[in-house]
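Residue numbers (the numbering used here), protein chains in the order written: chain Z, 1 to 367; chain G, 368 to 734; chain E, 735 to 1141; chain A, 1142 to 1411; chain C, 1412 to 1697.
Treat the hints as calculated values from the structure; they're not laboratory data. Since we're looking at a predicted model, the values are computed, not measured. Hints are supplied without guarantee of correctness; some may be wrong.
[As the list claims (entries may be wrong)] Below 25 Å or equal to it, Euclidean Cα-Cα: the simulated DSS-like pairs (lysine-lysine) are:
| hint | chain 1 | residue 1 | chain 2 | residue 2 |
| --- | --- | --- | --- | --- |
| 1 | G | K442 | G | K379 |
| 2 | E | K879 | E | K935 |
| 3 | Z | K71 | A | K1403 |
| 4 | Z | K132 | C | K1608 |
| 5 | E | K897 | A | K1177 |
| 6 | C | K1506 | E | K1119 |
| 7 | E | K1049 | E | K775 |
| 8 | E | K935 | E | K743 |
| 9 | C | K1506 | A | K1403 |
| 10 | G | K522 | G | K430 |
| 11 | E | K1000 | E | K1028 |
| 12 | Z | K155 | Z | K114 |
| 13 | E | K953 | E | K1114 |
| 14 | A | K1399 | C | K1504 |
| 15 | C | K1470 | Z | K59 |
| 16 | Z | K345 | Z | K324 |
| 17 | A | K1177 | G | K426 |
| 18 | C | K1608 | E | K1028 |
| 19 | Z | K17 | A | K1403 |
| 20 | G | K473 | G | K379 |
| 21 | E | K1138 | E | K1124 |
| 22 | E | K1138 | C | K1506 |
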Amino acid sequence: MVEINLDHIYKKYPEAKDYSVSDFDLQIKDGEFIVFVGPSGCGKSTTLRMIAGLEEITKGDFKMEGNVMNKVSPKDRDIAMVFQNYALYPHMSVFDNMAFGLNIRKNDKADTKKRVEDAAKILGLSELLDRKPAALSGGQRQRVALGRAIVRDAKLFLLDEPLSNLDAKLRVQMRTEIAQLHQRLGRNFIYVTHDQVEAMTMADRIVIMNAGRIQQVGTPAQLYNEPVNKFVAGFIGSPATNFFDVKLENGHVVNDEGIDIAVPEGQLKTLKEKGYDGKEITLGVRPEDVHAEEIALQTFPNAKVNATVVVSELMGANTMLYSKLGNIDFIAEVNSRDYHEPGDKLEMAFEMTKAHYFDKETEETII
Amino acid sequence: MVEINLDHIYKKYPEAKDYSVSDFDLQIKDGEFIVFVGPSGCGKSTTLRMIAGLEEITKGDFKMEGNVMNKVSPKDRDIAMVFQNYALYPHMSVFDNMAFGLNIRKNDKADTKKRVEDAAKILGLSELLDRKPAALSGGQRQRVALGRAIVRDAKLFLLDEPLSNLDAKLRVQMRTEIAQLHQRLGRNFIYVTHDQVEAMTMADRIVIMNAGRIQQVGTPAQLYNEPVNKFVAGFIGSPATNFFDVKLENGHVVNDEGIDIAVPEGQLKTLKEKGYDGKEITLGVRPEDVHAEEIALQTFPNAKVNATVVVSELMGANTMLYSKLGNIDFIAEVNSRDYHEPGDKLEMAFEMTKAHYFDKETEETII
Amino acid sequence: ACGNGSSNKDVKITILQGKVESNKQFKQIASEYEKAHPNVKIEVTSIGGGTQYDPVLKTRISSGNAPTIFSLDGPASLKQFKSHEADLSDTKAAKAAQPGTLDAVKSEGKTYGLPFNVEGYGFVYNKSVFKKAGIDPKSLTSYDKLDAAVKKLDSEKDKLGIKGVFALPGKEAWVMSDHLLNLYLSKEFDGNAQKLYKSQKMEFAKNAEMKQMLDLQSKYSIKPVMQMDYAAQVNQNFSQGKAAMIQQGDWIYPTVDQIDSKFAQKDIGMIPIPVKEQEGKLPVGTSIYWAVNKQKSNTEQKAAKDFLDWMYTSKEGKKNVVNKLHFVPAYKGYEGMKMSDPLTQVVFDYTNDHKTFGWAFPGYTGTPWDTTVAQPNLQKYLSGKQGWDKTVSNMTDGWASQQKSAQ
Amino acid sequence: MKKRSTTVIAIVGALIGLLWLFPFYMIATNSFKTPKGIFASVLSLPHPATGDNYVNSFKALSFVGSLTNSLIITICSVLLIIICSSMAAYALQRNHSKLSGGLLLLFISSMLIPFQSVMIPLTANFGGVHMLNMWGLMFMYLGFDCSLSIFLYQGTLSSIPLAMDEAAEMEGANRWQIYFKVILPMLNPMTVTVAILNIIAIWNDYLLPSLVLPQIQYTIPLQMFNFFGEFTKQWHLALAGITLSVIPVILFYLFAQKWIIKGVTDGAVK
Amino acid sequence: MKNRSLSFWLFLTPTLVALALVVFIPMLEGLFYSFTDWDGLSFTKMVGFKNYITLLQDKAFVNAFWFTVAFVIVTVILLNVIGLGLALLVTQKFKGSNFLRAIFFMPNMIGGLILGFIWQFIFTQGFDALGSALHLSWLQNWLTNETTGFWGLVIVTVWQMSGYIMIIYIAYLQNIPNEVIEAAEIDGASPWQRFTKITFPMIAPAFTVCMFLTLSNGFKIYDQNLSLTNGGPYNSTQMLAMDIVNTAYNASNFSLAEAKAMVFFLIVAAISLVQVLYNRRREVDL
Ligand SMILES: Nc1ncnc2c1ncn2[C@@H]1O[C@H](COP(=O)(O)OP(=O)(O)OP(=O)(O)O)[C@@H](O)[C@H]1O
Ligand SMILES: Nc1ncnc2c1ncn2[C@@H]1O[C@H](COP(=O)(O)OP(=O)(O)OP(=O)(O)O)[C@@H](O)[C@H]1O
Ligand SMILES: [Mg+2]
Ligand SMILES: [Mg+2]
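Take these sequences, add in the hints, and give me the full structure.
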């Protein structure tokens, strides 16, 4: 149960030209479940590895319970970690891989056995305890890597995409197990994932990174509803937010591709106050806020556009309509009952109360 | 452009007790895009590796264009492959990794350069062409592995979870690129994924496997709408289908946990014809077919249950309600507008026309 | 004198020899000969250092790369290479050889080897030490006189600036097993190695005398004797004036010269080791011989013999033997020549005065007895591991059993 | 804390290093002494110091010629050994059969045969086909030294993932290409090690070349042994000669050492 | 690679041919000669097992055998411990580690014969001086008896060969994937635990090789034996190889020497190969 401070941390690899992590500043509270998200190569693993003590911190301090830990060796940090590339011990059986950390700590043999077997059951590895990693499937290896961490009771758990190679069903199951583990132990968890569902459902707070810098830190709902900039808005939610370059004119946002939509009162006021009247801005609308049902068209009569469906993807309850508005591509996520064929031309309505506006230069959120 | 036959293929690893793949029988048509799905460890990679010629086929024949290929060495099969574990050449730069296959084939240098650079652009690796794999992030490595395959023009492409370590946005992008590549080249693709969206959107046909055996082969819609057994129904769709053990009595399915729902006419007739009247059966209802909106409750008055919300997960447009019906857990995916707090007790309605019924013993689909 | 009869045809002869020290000189002599005889090419190869010569010769022979002229060291190797040894009886050199020098290489009336040279050994002493102590080395003609002198030298060690009277190289077993032992065996076999080699029995009657001499050297030697090797004895101790005398032969001259040439030229001499009934006589003998390969073509053999004749009997050749090779000649016709250094001069003088006796020990060098019986037993005695009687009986019994099994 | 432990390690290392260096101190200092100086006191510093030994030794060794011979023989033999034995090791390691296990044992057991017991038949056979020269010698080195190299390579190959072969094979590379372009480069650290071990063995070898080489192809050690007569060992020249001849090897070693690096397979597989 | 495939054999051909021509055929000839009265040049008759019977009764051979066995046991242990220790030392990150690596290896760059001479001086003069300065009598009179001769040989061998063993260990140590070490650090393993549980098992092939090398070289050692003690005093430090060589050269009994060599080969091969087979079982493929 520790408080963790990352004070303006920088990392530059000797081989790299640029900083891989810059000015990373984060306070983690006792027992918090933090999720790192961000595009591939943005510095998530690097940050995790610095916390673990596997990479040297180029600049800045990493503190646990107020003590600077930069020079403390990994083994003394009491951290459990799932490596992105597993890093299993090739010469040990699955059992020994998972038991290693406990054996090192001279944990009672019987207890170790029990813990490993319990974990193996959860992970569906009970049959495979005697195998060497080389004789496992990709997902099985990943589960061993995960098992190695969850049998331990460390101060801090670092999990680097621990479920990426598992099937959906198992992933949901594991998600629950990890959440329960977190609750039971009350330790700090830092979790890296590319799966938005995982991020949204597991995180107390999400840290969203881009190109080595933190973009926003907040609860899932905050990130979803109040993205601080276009990057966050575009990253959170899948499919991504649709962006339209528009001009604010006469209380409408308009462009040459066919958008001419009334801006709701409250938003308009803010935009005008901030001096965007008559200026170019970026409008962001999430696919799930684009509607095609009759009832929605009626509800939002001032926010209609004429679109052409290019591809239509049935995804169970919902259908993705990959559509075109003039020359702009955008996506609408509609109820599958509203099925539309590719080529269909139809009216769609934007739910403008949920829309966001971004400065075109700085890409910061205006509203 | 080839036709591929997998004739009752079996695989047993020397170290393993059981067959890892059993009786795998599949005909792939010219230019088809096949997706393999199935739980971790079910034999997807093994099958791929047998097709590639990297694992010996224990029993059965693998044919391309009618010729048995079992003994043909991998290099003569003209197959491009993305390995699940990447298998990058650690001593070569990213560029050389991607150019290797072309250089081996004595492809024109200039053309190779162009192809690699094009691929790198698509993959967002242009800046990293001089790096060695060790200095890349996990996702970047995976993109190199993918790049190595897509620069080539092979008869058959095997892609083993090529996007698992990429962020959602990039994944969507890559998906499109792969689909376009498939269209452009018209080659056969076999694609392994755990991502249901990928499977649903990319596949001409999906092969769903479990424990080394094919469960069902069909188009995405077939698998979704007409699963042949409980496994398929439970596997396709995320979250998974909810299953309820019930008894068919007086045209209703009932159980002790509070289910008492009328079976629609057509279904009832079939069930009775097949002799399930008064028998125990399994009812399967997808989360997206569980509704909580007023209008739905009105539409399906005979299919209502009283549930308690345990956890409620906001996921953008929809919300998952992890709920309890008596002692049975189930999930409902409802519109986010119908938000419910954990602890709320409410009525929900099952859209029975979309429900499935399974034999309790064989787990085969009845309807 | 020059080779004839083959002057119209080019011929190449190869020489393989085991005296590395003289490698350079032989090459010079060979090229001198080539100049005078343009149709003859000579290639000299020398084997030495850490490798034994015999196996190299054997491999050269068995790989079809046999030399025309090769060196031999005594009856044992004479026997081994029998099939390759041409009869040299009719060479000028053989005819000119000093009496006795061919004994070891004669069999069935034929001569198979020509001696390189003769060598002699005794006590090589430090003139100035003896002078300072007031002892005339020439007077040490009996064991008792030697014993008294040694005790005197020992008592004045510090004054004389020496660390010990002797420097006995216990590590170099051959100093005992070959040279020292020879003093007390030679008579038994008339100084004839061939005779020893063929003898079934070894009496070793004078062993008590040998013990006396060995004990004396050991007792008054720089210590520890078992650690001392040739370099320690000659280079480190004697040449640096730390020992009054050492049991060695004229061959150490180049070594001493290399360390301190002034000392070598001015300050060293050699006296015979006093042995009863042989007082005043120096053991002189030959340790190495030339042989000509009879499996080579006649022309090549002829050219080889011509070269050897030229080397030992021509005027230029003789000069080289004495001045370049620093050999004490084993041949007649060198009378009146001056040897190049004081030690060889001593040997030459004794030879000319016929105050010598022969070497019997080449009769057992090259037999297993030398390395597996004589040397270890003497070393055991020297280091106090074994009594003298046992040592002697081991040696004589060992000889008998070896000779028996060799039949 | 980490700082301190590395300092301790460095000091311990330096102390052991001194112990290791002491004999070299003796070689180096004595090579500058006169013959008398050497035996007066081997342990002291040269007094007076002289460079003559080097000049004389350089001449006596015919240094330029014998260095050239040594270089040709060593480099060619080592290249031959590296290529052939890494190939063989690759074949053996990637084939899991009784046969390859047996072959490996055959190679390994050949290392146990005392050289002296094959020496005469060997030279006789090679002499019979007129191969007692540099080229024959190189081939003999291949025969004698390939086993150790195979053994060394074989152990390292197991840490190069099979996935590397598979990936290259999928891209259409044949065995030779896989070996040469993918596997061999990843063996670099071991190749350097094998090269070092073989170079020093061949560079210093005396017995075999003395049996095989004709005089014009004499190597440095062969020339060097002219300094070692039965009685007169010319240590002053020998020590200078050793110093001269060891310099190329040390230079090579220092240069090659850089290639023995960590993590050649990092980033290859997940 | 399938062993039925052409490439398998192509890859093996050069070394197999060389091995056969250079080692095995001559050895078989040697084996044949051991049943004759060969003198290195020719033989006159077959003698059956006479040479083998002789060698069993040859005390020198038996002595040499036990002396060698003792030597091998001591050096195998010391060389592997020190060699691995040095390897671990110089693979640490500190200034000068590369330099040290070179120093530890340097003894190998000089042939065994010359080193023998250098070490003689150290034993006879250096040790003596040190012994009298420190009043340690055991430092004096080295190489004058069997015990000091034995340890003298051990010291020289260890001093020379541990650098050799070291660089083999280094080569393998460098091959351990970083990530595995990192994982162990995270699991809380101390440096010693990392060594015993991860590093050492993962360099098992190196251990196999080094055990084999030290074992076989210990049995075959000759140069150091020749130059340091030359088997003396009184042949007490004569080892197997030297006994064989002396039998052949000094005693000119080549056929007996060949017989000894064959027996020697069988004994050493049995020990070493058992060792290799045993160790190989512990190795894993990654
Ligand atoms: N070399 C091997 N030896 C023994 N068993 C193996 C070996 N490789 C894989 N298996 C087993 O074969 C089964 C199928 O493995 P495979 O790699 O094909 O699974 P997969 O479907 O690709 O799984 P994943 O999604 O986890 O990658 C697994 O149960 C695995 O444990
Ligand atoms: N050893 C290295 N040397 C140089 N650059 C590196 C090294 N490791 C990573 N990088 C670079 O640092 C950046 C951040 O890498 P990191 O592994 O932290 O990314 P990530 O966020 O984990 O990405 P992914 O989701 O793909 O795993 C990347 O651009 C990568 O190329
Ligand atoms: Mg990462
Ligand atoms: Mg797989």
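Cross-check of the supplied hints:
no. : hint                 : verdict
1   : G:K442 with G:K379   : holds, 23 Å
2   : E:K879 with E:K935   : violated, 33 Å
3   : Z:K71 with A:K1403   : holds, 23 Å
4   : Z:K132 with C:K1608  : holds, 15 Å
5   : E:K897 with A:K1177  : holds, 17 Å
6   : C:K1506 with E:K1119 : violated, 53 Å
7   : E:K1049 with E:K775  : holds, 21 Å
8   : E:K935 with E:K743   : violated, 52 Å
9   : C:K1506 with A:K1403 : holds, 17 Å
10  : G:K522 with G:K430   : holds, 13 Å
11  : E:K1000 with E:K1028 : violated, 46 Å
12  : Z:K155 with Z:K114   : holds, 21 Å
13  : E:K953 with E:K1114  : holds, 15 Å
14  : A:K1399 with C:K1504 : holds, 14 Å
15  : C:K1470 with Z:K59   : violated, 73 Å
16  : Z:K345 with Z:K324   : holds, 10 Å
17  : A:K1177 with G:K426  : violated, 83 Å
18  : C:K1608 with E:K1028 : violated, 69 Å
19  : Z:K17 with A:K1403   : holds, 22 Å
20  : G:K473 with G:K379   : violated, 37 Å
21  : E:K1138 with E:K1124 : holds, 21 Å
22  : E:K1138 with C:K1506 : violated, 68 Å
The structure fails hints 2, 6, 8, 11, 15, 17, 18, 20, 22 (numbered hints given earlier, in ascending order).
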